[in-house]
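Chains as they are written, first to last, in the numbering used here: chain A, 1 to 435; chain B, 1001 to 1316; chain C, 2001 to 2250.
No lab work stands behind these hints: they were computed from the structure.
Among the hints, a few may not be true.
[Claimed, not checked] Example chain A residues on the side facing chain B (calculated, C-beta under 8 Å, incomplete):
1. Val27
2. Gly132
3. Leu312
[Claimed, not checked] Within a straight-line C-alpha distance of at most 25 Å, the following computed BS3-like cross-link-like pairs (lysine-lysine) qualify:
4. B:Lys1115 / A:Lys383
5. A:Lys169 / A:Lys94
6. B:Lys1162 / A:Lys375
Please read all numbers here as calculations on a predicted model, not as lab measurements.
No residue lacks a Cβ here, since even glycine has one placed at the ideal position from N, Cα and C.
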Amino acid sequence: MTDRVVNAVVGSASRGVPMSALARYGVWVVAAAVLAVLPFVFGSGLALTVMSLMGIAVIFSLSYNILLGQTGLLSFGHAVYYGFGGYLAVHAMKAIVANGLPVPLPVIPLVGGLAGLFFAALFGWVSTKRSGTAFAMISLGLAELIGSSALILRGFFGGEEGITADRTKLLRILDWSFGPQVQVYYLIAVWCLLCAILMYAVTRTPLGRMCNAVRDNPERVQFVGYDPRMVRFLAFCLSGLFAGVAGALAAINFEIANSALFGAVQSGTVLLATFMGGAGFFFGPVLGAVLVVYLQLMLSDLTGIWQLYFGLLFIAMVMFAPSGLAGLIMMHRPLWRARALHRMVPAYFVALVPLLVMLAGAALMIEMFHHLMVKAVEGPAMKFMYIPLHANAVGPWLVGLLMAGGGFLLFHRSFRVVAAAWNRTGVADAAGGRP
Amino acid sequence: MLELLIVSTLNGVLFGMLLFLMASGLTLIFSMMGVLNFAHASFYMLGAFFGFQISRWVGFWPALVVGPVLVGAIGAVVERFGLRNVHRHGHVPELLFTFGLAFVIEEVVQMIWGKSPVDFRVPEVLDFPAFTIFATNYPAYKLFMLLISIGIFVALFAVLTKTRIGLIVQASLTHPNMVAHLGHNVPLVFMLVFGLGSALAAIAGVIAGPALVTQSNMAALLGPILFVVVVVGGLGSLSGAFVASLLIGLLQTFAVSVNVSLADVFAVFGFTPGPDSMLDDLWRVTVAQIAPILPYLLLVLVLILKPSGLMGTRET
Amino acid sequence: MNAPAIELRGVRKSFGATEVIRGVDLAVAAGERHAVIGPNGAGKSTLFNLVSGLLAPSSGSILLKGDDVTGLPPQLINRRGLSRSFQVTNIFHRMSVWENVRCGLLWAGGQRYSFWRSVDNLSEINARTERVLADFNLLERRDVAAGVLTYAEQRALEIAITIAGGADVILLDEPTAGMSRHETDRAVELIRRISEGRTLIIVEHDMSVVFGLADRISVLVYGEIVASGTPQEIRNSARVKEAYLGQEAH
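Could you put together the complete structure from these sequences and hints?
Following this line, the structure appears as structure tokens:
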């Protein structure tokens, strides 16, 4: 960690004085208002589906960040608790419908949360004995164990096709059937806000503070009276609880729970989202979750190899912006405070243009290569950004190479411009320029 | 019965040795650099696909040499231009970097060779039964795999115990700060160790390719088992990795041939579980069916009994 | 009658074949300022690691205020009122100075693993955090990440965390290591003040610090205590001169 990152991290951390009521609750009131109004702005079926998925992803990523960002535990198997939340929610819905119990749908996520909590306590007891790399590998092993077992124990998990439930058949309140997507959206939105508030509140408790301490220095924690293993275990349980809520909401949204809920893809995605958003900040995973859901939908429309771009973007962020989007934003806070942010705009523009040229060149070559390898039967004719070209012609390759190479050189030189602009702003903390 | 025992033992040792080919590189890299290379199984996969492609062009034997060399070079490049830059951010970003790398390698392999298995055949010279035990023909190719992996094991052992660098590497397994005694060329040694580890995984890939299935998901399938091996053996312990490799190799091979379920066991004592329970499958599933999850059960068991692994001494 | 604050009975510790602590008997009375001195490699830090629970002794027993704490993990020993600092600064780098000190207070303040109370509302704990920061001249730096403090500030923070919880037995491992003369003088003054009414055990190389601060001194050489007594006795002990002070003087 460079000093600059450290500074940024603490910038977001607490100060000793209690904040004013407005500063404390204002953010949540605004968030609630935004969530309430969104369906009126984006009312299409697609938009509602996307926003529902984003809400679920936000809860899931925030729960993941209790481990990664707050306690310093890297898990490759967080989907296990998401999956159990989903399965138990579907089983609960089926049981409620079958027995005609007077339980409304909105409490189902609680079942999922309890399921997540229970299994997190069970597996966490084993896995939080270790930290660091060993913990990461154990989480991976446990995920494999559960994922494979789900396919073997067909009675409970329903095999390949999973189990389904009808969310509209439960007790109705105020005549909400939860058939229309907009009603599901509001259900998710309310739970999302509630979970976010609770998870934020936990960071402000003694346990939440000790999680940070365990992340920074587990040895020293022992000498202030805490058992780091116990702190890890409790963090793990809380994280499982909220992951279970997210899984239950996913099950309600899709009306199905199948073994994909447990999958490595699910575990990997939440890791990517949290890291890219910025694990060092509470709001980082929120950004990450929204971004990743959006990119998944947008990129998968644009190109067949969106996952490759996704992976490359992730590697680039690990290498050049390890504190994530939130980190990049918070880096500018001193500038914002000093009212000097606008002075960076020209320098960023100088850097952005060659960056985009470089990326376009690289993407052009990747797409042409992809076309030649995978779509060879269609012949060499293809389109890149609406421009028709032949993937086997020399011209486009030369253009791609020139754009990528030239863009890279110019981008590299633009660092100096950016650094100089930073220095000119005169904000001490911001010295050092971009990563 | 005896036939089964011998064949399963041979296969189990073979699978175990293949695992160790990978686990040894992984352990060396981890011990010296502190990074658990998540993409290690991806280098194994690259080995298999490079082996396949080069065999097509110039034959299996050149592929056995050129494939691992190429993969080793890729590993060295990854260390030099990727990992080394991430190092200053700490171990978690390093692990994440290799995680992203595994993701990208799988996508690239899919792009070039597609998602379905490629037709990577056993070279004709070795396509005959080596010997016959009772009714089973044991293929010569499997014997060849066994010999190669034992050969590399011996070579590795010799390097580690007989050369100066080997001794320092060995010392660094237990005393991580010993790495400093390598002199001022530490970055170069890191690059070489990372390249060598990748090449070892690639050798496993080239020789396993024709015998197993060469497919773009092979890294994702084998990776988790590999990590189980190093955790069960004890992170950073070469001998632990060796024992755990053989243990898991044998465990999985033998389990596949055991068709007994819990229900059968209880039936011996005259007890039959009631039908229709949701967890009914728990009773009826056979050991053979759960063979794929046995390594993970072993992981949980070892963690409960000895959290640091069979021969592990390091905490993290 | 009062049991000693700390008592070691025949404590031994081996790493493999090497015995680093070779049968140490030591009693430190409650309220005493006790210094442990000795040449490098004598086992001073190991002794602290044994007493504070980081390491378990190979044999022998350790008593804290009369209770056997041999082999207990560090957090349990800490909860019984023993707190220690480290020779190599051991703080929470990414947390603010304020958070660092408060971490030292939470358990002692009865918070345990609570995740239902907001730390902002713990007025008693926050007030004490503020007092400790003021004592250590760190109040101005309260919102800075501990990792970016100057070396001397980090050393001060190290001790602040150690004493924040109000433990009555304090172990300080080379608190003035690497400090300038001026910083050392201030640190000694501070340590004298904070150890008022508590038991202090200090490992220190700087003899002016040791003789200025300690009520009693023990000399540890190759894992054995060769002398124990008042500063005057230690100064005059021929055995100490031969084993330790003599070496340093030449």
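Here's how the hints hold up against the structure:
The interface hint given for Val27 of chain A is broken, as the beta carbon of that residue sits about 28 Å from the closest beta carbon of chain B, more than 8 Å. Checking Gly132 of chain A against chain B by beta carbon gives a least distance of about 3 Å; that is within 8 Å, so the hint holds. The criterion of a C-beta within 8 Å of any C-beta in chain B is met by Leu312 of chain A, whose closest approach is roughly 6 Å, and the hint holds. Between Lys1115 of chain B and Lys383 of chain A the CA atoms are separated by roughly 24 Å; this keeps the pair inside 25 Å, and the hint holds.
Under the criterion of a C-alpha separation no larger than 25 Å, the hint pairing Lys169 of chain A with Lys94 of chain A is consistent with the structure, at around 9 Å. At most 25 Å may separate the alpha-carbon atoms for a hinted pair to count; Lys1162 of chain B and Lys375 of chain A exceed this at roughly 52 Å.
Hints 1, 6 from the list above are not met by this structure, while the remaining hints are.
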